[in-house]
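2 protein chains.
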Amino acid sequence: MDTTPVWFMRQAGRSLPEYRALRDRHGILDICRTPELAAEVTMQPVRRLGVDAAILFSDIVVPLEPMGVELAIVPGVGPVIDSPVRSRRAVDALRPLVPEEGVPYVLEAVRGLASTIDVPLIGFGGAPFTLASYLVEGGPSKNHSRTKAFMYAEPAAWQVLMERLGESVLAYLRAQVKAGAAAVQLFDSWVGELSSEDFRSYVLPSVGRIFDGLADLDVPRIYFGVGTGELLGDMAETGPDVVGVDWRVPLDEAGVRTGPNVALQGNLDPALCLAPWEVIEPRAREVLGRAPGTGHIFNLGHGVLPETDPGVLGRLVELVHREGAVDGDG
Amino acid sequence: MDTTPVWFMRQAGRSLPEYRALRDRHGILDICRTPELAAEVTMQPVRRLGVDAAILFSDIVVPLEPMGVELAIVPGVGPVIDSPVRSRRAVDALRPLVPEEGVPYVLEAVRGLASTIDVPLIGFGGAPFTLASYLVEGGPSKNHSRTKAFMYAEPAAWQVLMERLGESVLAYLRAQVKAGAAAVQLFDSWVGELSSEDFRSYVLPSVGRIFDGLADLDVPRIYFGVGTGELLGDMAETGPDVVGVDWRVPLDEAGVRTGPNVALQGNLDPALCLAPWEVIEPRAREVLGRAPGTGHIFNLGHGVLPETDPGVLGRLVELVHREGAVDGDG
Chain A
122 MDTTPVWFMR QAGRSLPEYR ALRDRHGILD ICRTPELAAE VTMQPVRRLG
172 VDAAILFSDI VVPLEPMGVE LAIVPGVGPV IDSPVRSRRA VDALRPLVPE
222 EGVPYVLEAV RGLASTIDVP LIGFGGAPFT LASYLVEGGP SKNHSRTKAF
272 MYAEPAAWQV LMERLGESVL AYLRAQVKAG AAAVQLFDSW VGELSSEDFR
322 SYVLPSVGRI FDGLADLDVP RIYFGVGTGE LLGDMAETGP DVVGVDWRVP
372 LDEAGVRTGP NVALQGNLDP ALCLAPWEVI EPRAREVLGR APGTGHIFNL
422 GHGVLPETDP GVLGRLVELV HREGAVDGDG
Chain B
122 MDTTPVWFMR QAGRSLPEYR ALRDRHGILD ICRTPELAAE VTMQPVRRLG
172 VDAAILFSDI VVPLEPMGVE LAIVPGVGPV IDSPVRSRRA VDALRPLVPE
222 EGVPYVLEAV RGLASTIDVP LIGFGGAPFT LASYLVEGGP SKNHSRTKAF
272 MYAEPAAWQV LMERLGESVL AYLRAQVKAG AAAVQLFDSW VGELSSEDFR
322 SYVLPSVGRI FDGLADLDVP RIYFGVGTGE LLGDMAETGP DVVGVDWRVP
372 LDEAGVRTGP NVALQGNLDP ALCLAPWEVI EPRAREVLGR APGTGHIFNL
422 GHGVLPETDP GVLGRLVELV HREGAVDGDG
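If you read the sequences in order, they're chains A and B. Mapping of the first sequence onto the working numbering: position 283 corresponds to residue 404, and the numbering continues sequentially without gaps. Mapping of the second sequence onto the working numbering: position 192 corresponds to residue 313, and the numbering continues sequentially without gaps.
Next up, chain A with everything else stripped away, as it sits in the complex (with noise of 0.2 Å):
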């Protein structure tokens, strides 16, 4: 690729009218179980947006059921789980994610998307801090008080759930790349409630164990949250090739919180894409301005809302294509 690439976290869902559509019919539970349909919606925005990538539909919570998580997602609220995992015992009752058996049809979706898309296709999987927030809290959270209490009170136990949790998520990673993906993000969507002290205690060992573990495959291993900005070079640290940043801290300024070895991907504010474009195109020209030199994937700082006109973002592809540097990283 010759300039700045680009796609957006949840191009694929509610902001497409074919989404919607499907959705009409399915649960989203049932269209990450469907290799058919997980792999439709999964090439919905590529054929609209032309983005430079696609990203595996997919939930976060879809390899916990095969450790043993009995859990929904109602709509309106999100994922449900329906005995949280607040005890030793629970946390010993999970069992290893093996891909092959607890969640073939990712890997069939992942296969059947790789051998017929041309471009390439982004890895899905939820970090274990975030894991745990919705094992722990039972569900969505504001404070995600109850997993940090449970972090505090229960080290030793706490410690075990990162542990199997990053297992479990690192051989769901490497079995995505082995069915064709060709590059992975790691989502860490609640870890910037934790302190760089917290992270670093309780999460960051783990996190680092699972790009370690995907060193030899060879693929760009992404690593996002939001409000991470006291994290971002802890976040480095861990070891994935880019870090993504939200729109709350400018990219120059985030590069030299993550230093020289790693690129980055963002961060235009998604509640952006619902203004006007005359008020969008400056900032997106702002954003790939204030892009280190260590490289530069072009996106938002958090996913697509679903108000969100899918039109901003086939423009925002375009000036991306047009404007961005022309020895981008990708």
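No lab work stands behind these hints, which were simulated from the structure alone. Hints may contain errors.
Remember, identical chains collapse to one label, so a pair may be satisfied in a single copy or spanning two.
What the hints assert, rightly or not - Computed cross-link-like contacts, DMTMM-like style, restricted to lysine to aspartate or glutamate with a CA-CA straight-line distance of at most 25 Å:
#1 K299 / E407
#2 K263 / E428
#3 K263 / D333
#4 K263 / D203
#5 K263 / D180
#6 K299 / E318
#7 K299 / E284
#8 K299 / D239
#9 K263 / D430
#10 K299 / E161
#11 K299 / E139
#12 K299 / E439
#13 K299 / E229
#14 K299 / D213
#15 K263 / D337
#16 K299 / E221
#17 K299 / D180
#18 K299 / D151
#19 K299 / D333
#20 K263 / D362
#21 K263 / E229
#22 K263 / D123
Given the structure of chain A, go ahead and fit chain B onto it with the hints provided.
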């Protein structure tokens, strides 16, 4: 005072059994609008915890109703606005707050408290961005995208909204000080959703006018938000005496960002109060140890969580009084 002063955001409220007993019989807005009840709830944590300040028990939406906004506080949801403010016409329809006419019960509660308690009473008001977010969203929001969309799409109407809210909040806080409040805190709970660029363009001027407009009253002015690591310097620039810091930024680093003109308030993670005391104690000492030379008020980085054991808060007060700076700023 000869050591670091300490109080807790949301020290009154759901963590206290005496508050929950009162809530069995009264709604939140009833309490806010009944001077005796508001005063009683304000006093409860002073009696129980030995904190160095009371903060007026209220809700940030209380002054919106006399501005012409129909609202309710829905249990499990939060404030809900009947007709969200999403047009220039709706902005123009907001009436300026005249505190003596619109919220006489608040001023009566303040007068009653000021004449009876032996700790300073902190006045309470929501900042323009956070109030606007309730008005535009129509209720609590995960990402405040409608608010930002309105701000980007209708900058002129947004400016009028910020001015009108700012003038009303200024009048509200001035009236509380004249009724006996010894300090004021401006709550900008959601402003951390904005980048520095947006904060400076869309919010900073209105906040600056509030602090300017309070200057002649010669009481400490505190400006608080969450997730504001990238905004701390901008927040200091609006002219408060104290900037509140959440748990993500260590106080010594926060002091570098806010500069030499403001004291800091914070910043123990509220979730840490759910941990065993042996985990809490060194972290509280660390907060004290990192406080900058410009002055420090010990507090949590956000409000007390409902599930907090009040006994832990009492122990924190003792610790801070015993080990705080000998020449604290209080």
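Each hint, compared with the structure:
Taking the shortest alpha-carbon separations for K299 and E407, neither the intra-copy value of 37 Å nor the inter-copy value of 46 Å comes in at or below 25 Å. In the homo-oligomer, the alpha carbons of K263 and E428 lie at most 25 Å apart both inside one protomer (22 Å) and across protomers (14 Å), since each shortest distance falls under that limit. In this assembly of identical chains, the alpha carbons of K263 and D333 never lie at most 25 Å apart, being 31 Å within a copy and 34 Å across copies at closest. Within a single copy, K263 and D203 get their C-alpha atoms as close as 19 Å, and across copies as close as 24 Å, so both meet the 25 Å cut-off.
For a Cα distance limit of 25 Å, the shortest separation of K263 from D180 qualifies both inside one copy, at 19 Å, and across copies, at 19 Å. Taking identical chains as interchangeable, the C-alpha atoms of K299 and E318 are never at most 25 Å apart, the minima being 35 Å within one chain and 43 Å between chains. With identical chains, the CA atoms of K299 and E284 are at most 25 Å apart within one copy only, with a shortest distance of 22 Å there and 57 Å across copies. When the C-alpha separation of K299 and D239 is checked against a cutoff of 25 Å, the pair qualifies only within one copy, where the shortest distance is 18 Å, while the shortest distance between copies is 69 Å.
Proximity of K263 and D430 under a CA criterion of 25 Å is satisfied inter-copy only: 20 Å between copies versus 27 Å inside one chain copy. Taking CA atoms no more than 25 Å apart as the test, K299 paired with E161 passes inside one copy only; the shortest distance there is 21 Å, against 64 Å between copies. Proximity of K299 to E139 under the C-alpha cut-off of 25 Å is found in neither arrangement, the shortest distances being 30 Å within a copy and 59 Å between copies. In this assembly of identical chains, the alpha carbons of K299 and E439 never lie at most 25 Å apart, being 32 Å within a copy and 58 Å across copies at closest.
Taking the shortest alpha-carbon separations for K299 and E229, only the intra-copy value of 11 Å comes in at or below 25 Å, while the best inter-copy value is 70 Å. Proximity of K299 and D213 under a CA criterion of 25 Å is satisfied in neither setting, with 28 Å inside one chain copy and 60 Å between copies. Taking the shortest Cα distances, K263 and D337 never come within 25 Å of each other, neither inside one copy (37 Å) nor across copies (39 Å). Proximity of K299 to E221 under the C-alpha cut-off of 25 Å is restricted to the intra-copy arrangement: shortest distance 11 Å within a copy versus 70 Å between copies.
With identical chains, the CA atoms of K299 and D180 are at most 25 Å apart within one copy only, with a shortest distance of 20 Å there and 54 Å across copies. In this homomeric assembly, K299 and D151 come within 25 Å of each other (Cα to Cα) only inside a single copy, at 24 Å, whereas the closest approach across copies is 61 Å. In the homo-oligomer, the alpha carbons of K299 and D333 lie at most 25 Å apart inside one protomer (16 Å), although the nearest pairing across protomers, at 62 Å, exceeds that limit. For the homomeric pair K263 and D362, neither the shortest alpha-carbon distance inside one copy (30 Å) nor that between copies (30 Å) is at most 25 Å.
When the C-alpha separation of K263 and E229 is checked against a cutoff of 25 Å, the pair qualifies neither within a copy, at 35 Å, nor between copies, at 34 Å. Taking the shortest Cα distances, K263 and D123 never come within 25 Å of each other, neither inside one copy (42 Å) nor across copies (37 Å).
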